[in-house]
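S.K.: Line by line, the protein sequences are chains A and B.
Start counting the first sequence at 1; every next residue gets the next number (this note's numbering).
Start counting the second sequence at 1; every next residue gets the next number (this note's numbering).
There could be a bad hint or two in this list.
Where chain A lies over chain B, by a calculated footprint (3+ residues, C-beta under 8 Å) [unchecked claim]:
#: 1; segment: 17-31
#: 2; segment: 75-87
To give an idea of the interface, some chain A residues facing chain B are shown, with a C-beta separation under 8 Å as derived from the structure [unchecked claim]:
#: 3; residue: Asn59
#: 4; residue: Ser200
#: 5; residue: Glu202
#: 6; residue: Ile203
#: 7; residue: Glu205
#: 8; residue: Arg208
#: 9; residue: Val209
#: 10; residue: Asp210
#: 11; residue: Gly211
#: 12; residue: Ala212
#: 13; residue: Ile217
#: 14; residue: Met225
FYI, nobody ran anything at the bench for these hints, they're computed from the structure.
No residue lacks a Cβ here, since even glycine has one placed at the ideal position from N, Cα and C.
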Amino acid sequence: MSTATAARESAPDVAKSRGPKFLQGWNMAALIFIGPAVLLLAVFMIYPAIRTVVLSFDNGLDNYVQLLTADPRFLSLRWPPGGSIFNNILWLLFYTGGCIVIGLIVAVMATRVRYERIIKAIVFLPMAIAATALGVIWRFVYSPDPDTGLINAILGVVGVDPISWLGNATFVNTALIIAGIWGSAGFAVVILSAALKGISSEILEAARVDGATEGQIFRRIIVPMLSLPISVIAVTLTINVVKLFDLVYIMTKGGPGNASNVIAVQMYQQFSARNFDYSATVAVVMLIILIPVMIFNIRRFRSERVVA
Amino acid sequence: MATVTFDHLYKRYGEDVIAVNDLNLEIGDGEFICLVGPSGCGKTTALRCVAGLEEISDGRLLIGDRVVNNVAPKDRDIAMVFQSYALYPHMSVFDNLAFGLKLRKTKKEDIDRRVKEAAEILGLERFLDRKPKALSGGQRQRVALGRAIVREPSVFLMDEPLSNLDAKLRVQTRAEIARLHQRLGTTTIYVTHDQVEAMTMGDRIAVMRDGILQQVGTPQELYDHPVNVFVAGFIGSPSMNFATTKSEGKDLMFGGHKLELAGEQARAADSRPDGASVLIGFRPEHIEIANGQQTSAVRIPATVDVVEYLGNDELIHAQAEGNEIVALLPSDKKVAVGDRVDFAVPMEKLHIFDPDSEKALAG
Ligand SMILES: Nc1ncnc2c1ncn2[C@@H]1O[C@H](COP(=O)(O)OP(=O)(O)O)[C@@H](O)[C@H]1O
Ligand SMILES: [Mg+2]
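Start from the sequences, fold in the hints, and give me the full structure.
M.R.: Next comes the structure, spelled out in structure tokens:
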């Protein structure tokens, strides 16, 4: 690991030290291997990205002013807050937070019961389901018809009238986020339980002898010692949230009205409505939101490399 | 301060592993006792039973006069030093030391004072802000000790705390722990597989084998009067020589050579029927070269195989009646390879064992 890292980092130095001429020190073999990939990236990612940015400025700054100040579907500044940005924030807090909390609890609990592998398999299973299929499944679960809707069927038993979970602006985001957590908590469980195995049992025992209760051990030893994997999960899920599209599109298309809309779905709606420049503006804003997350991620990878 | 009492204590794992088998041991208030034995003999398990980290299968464990079988570790007023140190990697040295005190809601000034004190005793003042991973092995070891002493518990439990240190640091830290014990006077149970550590540190030593306590006593009692072959061979370095002989009246036949016994040793030989095997044992450092002046000693003729020069002493490997014998002799005896020598073992240093029960009959 460390040798490979050293080799990777010293390569540019070698190139530099071989004199001033631009291509001197460039390895032809490396160029042949990397070249096609770079070309493909340039054609299919970098060029479209630049075109998108250019397109978003078609009407000067108007699109941006419109999107950020006068589009309640994107950002409603009135009370109660709403719009896709607000919904994305809800997702960020509750979906990311929910996955991590459930991941921690299940990972820690699973080590104490005999059926650890079975429990983990069950929690991880939804990860194998495509988001579109997941959306379809949960549409059935939330269906207002008690004959197909699991939740309304259960409520029917205790005598509550069917509720249209996805058709009601009050419940729709909660319903979607729960479906999202169901689909992703397994990811957090798997990463956290692997990391948990790396904490020596003697450390937990030392804390127990030091006087910590199980709760204190969890909060003051386990959680801080898992901070790195937790941040990996947080970043991964945050990126998922900003790009969130399929689940919402399948289940509600952002409705009822605009109640459950998110940025990516709105971008798609604008695109479908042939508002290409406005759609591009949404895309650029989305990209800008992602930049800090990416910087955080890159920083973390760098610091990990130093430690390793 | 407190006593610790094992009362017919058993620890079983599943059906067939008995890690601790009917352990009876009373540890006095302020005593430093070493639990010693080969790897896998149940030392750690016994210690973990005291800590409350293992459920006791049978019997009672008392700290002071309280039965603690069902008391949680945190309520036993003990502190433990783990073999791996088990420091909290995300906390500074200060926080590692302070953790137990904070959990007990100790006042902040008291925490500061006690951590500073412990750090001073252990020479850790300069490292209080560091994380464990920025410390050397010896420093980590001292943090682990510090974490135990700040708590001012009534019993210290230490599980091979020196086994991850290099030889030189081990000797230093050994003395440091001994000094610490003199200063604090806290009851300490110290687990080690290294008999030298046990001999140098323990007020008393408890030798275990396969979960069974073999013998408890002061280092000297164990050295002078081991109760069985196992303790005799385990305590002392280099280890005791053993040879099989045959009983003949009050004497023993060592091959074709007669060992004339007296006193306790003669009575032991006499207690065995003529012709029965008898195991004898004698320590390398008790062997002398026979010079006709030793009055009460057995003579053992041998041929020198190998001579290991140690400076002041030499370790002589010799063959006697098909047994390998190791002798520790002063270098000035000028013994050479191939020499035929007569070893003399003082009568009172000769141990006699029953080869079947392996119990000591004399010595
Ligand atoms: N959790 C466990 N499950 C089953 N057997 C165990 C367990 N812990 C220890 N043992 C067994 O108990 C015996 C004593 O172990 P231990 O107390 O660790 O020995 P020591 O510390 O003297 O080297 C060993 O045979 C070991 O294999
Ligand atoms: Mg052990």
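S.K.: Please list, smallest to largest, the hint numbers that this structure does not respect.
M.R.: 1, 3 and 13
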